[in-house]
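Following the hints, complete the assembly by docking chains B and C onto the known chain A.
Protein chains in written order, with our numbering: chain A, 1 to 269; chain B, 270 to 604; chain C, 605 to 946.
It should be emphasised that the hints constitute simulated quantities derived from the structure, not laboratory data.
Note that the Cβ used here is the ideal one computed from N, Cα and C, for glycine as well.
Hints should not be assumed to be uniformly reliable.
[Claimed, not checked] If you anchor each label on the Cβ, the simulated ranges turn out as follows: (1) R612/C / A190/A: 24 to 34 Å; (2) D65/A / R753/C: 30 to 40 Å; (3) A41/A / E494/B: 22 to 32 Å.
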Amino acid sequence: MTDAALVIEDLSAGYGDGVVLRDLSLSIPKGQITAIIGANASGKSTLLRAMSRLLAPRTGRVLLDGHAVHSMAPRRVARRIGLLPQTPVAPEGITVLDLVSRGRHPHQGAFGRWRREDEEAVADALSITATSDLADRFVEDLSGGQRQRVWVAMALAQRTDILLLDEPTTFLDINHQVEVLDLLADLKDARGTTIVMVLHDLNLAARYGDLLIAMVTGRIARRGPPRDVLDEEMLEQVFRLRARVMADPVTGKPMMIPLGRHSQGHAIP
Amino acid sequence: MSRDRTLSSRPVGVAILIGLLILAGLLSVTFGARVTGWTEIRAGLGGDVRTVGGAAVASRVPRTALAALAGGALGLSGAVMQGITRNPLADPGILGVNAGAALAVVVTLAVGGLVPLEVYLWTAIAGAAVAAIAVYLIAGLGAGGATPLKLALAGAAITAALTSLTTAVVLPRGDIAGLVQSWLVGGVGGATWDRIAPVLPVMAFGAVISLACARKLDTLALGDETAAGMGETVWRARLVAAAGAVALCGAATAACGPIGFVGLVVPHLCRLVFGVSYRWILPTSIASGAALLVVADVAGRIVLRPAELDVGIVTAFLGAPVFIAIVRHRRVSAL
Amino acid sequence: MIASPELRAVRAEARRRRRLVLALLSTMVLGVIGLSLCVGHSFVPPGAVIAALTGAADGGEAFTIRVLRAPRAVLACLAGMCFGMGGAAFQTLLRNPLASPDIIGISAGASAAAVWCIVVLGLSGMAVSVAAVTAGLGVAALIYVLAWRGGTAGTRLILVGIGISAMLQSFIAYVLTQAPSWSLLEALRWMTGSLNAAQIDQAMPLAVALAVFGGVLFALRRDLETMRMGDDTAAGLGVAIDRVRAIVICAATALVAFATAAAGPVAFVAFLSGPIAARLAYRGGSILVPAALTGAALVLLADFAGQVLLPTRYPVGIVTGMLGAPYLVLLIVRDNRRGTSL
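Just chain A, with the same shape it has in the complex (with noise of 0.2 Å):
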């Protein structure tokens, strides 16, 4: 067994009085992509909360190095996890510098002085993202795919190595969906970064995650590699959905073509 960068036993979680995850354990390896995928409401981000602190379970625990994060120091979990949310909130009128420097916040205290170390990270972070020429700019006048890089930006400057990333491509185009997963392939592959992300696009999810896990109801309906995961018996499973699954031409990873009901015949070679 890989080393695992997070290990979740016996996790139960929710809302108010509804239950979402029940009794789930999973390990997240290092240095890999873990891509969760199910539909709606079957409890992806709630698991990607509760990896992240965000949600305290009901029962269970989530161990980070063998230490339970609910139990940890908030600044010693952001040191070591990052977090992307699906909808983050730019202030008014903050600039692509400051916002990127935020990042820094787990590793200053109450009075500490900004240092060598926190702009090197923020530079970094701004080079790899390709923001470094937007750093003057206000967020509020960027593009959509330009924002989302910034953010990723954030996130990068934290310097943790485990990211966690809920929905990263949403509202974005086809060109900038492939940019930003490129760019996490690209972090994983340069510094061994943990990535864990709920992604919709299951196409996406097979060609960039190491490992996928579908989810029902608050379940683990399936976990492996792709090749074992994305398959059509999942797919009916998980989605009531009739799909064709065939390797991709290009990298020869499963790739799903649904079957609406105007298909029939036509599908079939």
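Coordinates of chains B and C only, in the frame set by chain A:
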């Protein structure tokens, strides 16, 4: 299934509502600093004011009528505002419309002296209209349009600004300060038929317009774009309905002073009982609002007997908890 | 990897701008204090003012300066700083320029208690202050508890506050109707905020409150700034959001309540200071200190205008209140042009 239940229970609901209204009216002429007996009520209602009890009853009749009229107007006005803004927290008090009417009345009194109600009725309506437009403009700014949060905040901010201006008008005028202050609380005590007569036509006009807009409000409830897709001219529908609502609450405010929360609470109760269609909510809001304000007035006469608590205070203390309950029981994302 | 010089240049420019704004605001506050010491019913030359303050001079003029003008200016400055900082803390925390303590019921709580004490119990001075501070904190706690549903959301907090505020306003209006006519105008004047009764012994509790609670807010300014990016992002960056929120609400409430106790709920200072400071100061950084200075300048200027510039003598709250309405209109105009969210 639930639809069927709503339909079958509607006539029952209406019957109960009418019963409540009559009961509230009877309570209102019975209770006060002096509790009157049945013979005195009969005498008083018949115009016989020779006994103290009869006189008390006779003086309570116009008071009850004013409470019922104002309550009905505020209830209907609140229902229309909730429909126009698609906002569960809309209410003439919360949205600053009452404060606009109040400032206009205070300015009129300060400038013109003790002018008759016929005069400041119109300035009250004008003030209400200006405040309503301003709040709607401020809340509608920026992304997301007029969300409940932005409407409520804009209303509170406008109220604060208008209240400050009202004080600025009153402060140098020691002569009218007491009068204005008692009017600002909102009450129906000391009502006479002379005070009711001028506002009646305005209320009737507002009620007719508002009731005629029920279908438009049902369409607007589906969202602006859907409503436009169904052939509604959205801005015009809003404007017409708003004119009705402003006339109603302006007239009620002119006659009684600003009374909050009736317009907030009543439509919610009606929605619970009669379903989401404005063709039911609007008329039942009139009856419920009337019953609520009459009962609140009776309560205000009883709790501090022999002194009286103005009805505006009673509704605030009844209504604010309901407002908070609505806020608490909605999902935050829905706000 | 070495940080690029351009980044350092951008940062240096921001820092320079920030220092410039702080220097300008401080100069302005000192300038208005000087002005309000010299100018009043009569003009006192600066030399005589200094002589009076150092105790070198005696007589009527020195009395005017020492007993009437100096306490008033000191109190205006301190109250303005408390209002400005407390208001900006609320606006930052709740991510909404409209969500200031005078809108969401904190000031209403302090006012209700104070008016009750003045009108019904016939109290004055220290007792009124204590009641106002206690009630302000009590109302903030009530709002916090009522808005709590497994964590607080800013939206719910604001709306519950507005509901409570409406109820309290109605209560205040009722208490005022019970006031005998001779104390009605006095209560009304207190309600709008006034420095007419300023005494130097009121300044001490206010200065202590500013040092303690302002210090707490200052220490939390980074967490507060981070929370502007949304609860999830802030939590991801290691901010203990529920704890920070509770502390900030307590400290900001205390600032506003102490200032209210000293000067009455001076309308709109808490509401206006933050946005004005944000406009002046570099907008990426914390605006708490610039907002405090802006608040002081606002109260000092408004009081000076109310006393000297306007034809009728108005209490300071009327002047600031009249600034609030045009600011709201400005919000409409500006945001219609920019199309950004409030």
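Do the hints match the structure? See the list:
no.: 1; hint: R612/C / A190/A: 24 to 34 Å; in the structure: 25 Å, holds
no.: 2; hint: D65/A / R753/C: 30 to 40 Å; in the structure: 34 Å, holds
no.: 3; hint: A41/A / E494/B: 22 to 32 Å; in the structure: 26 Å, holds
Every hint from the earlier list agrees with this structure, and none is contradicted.
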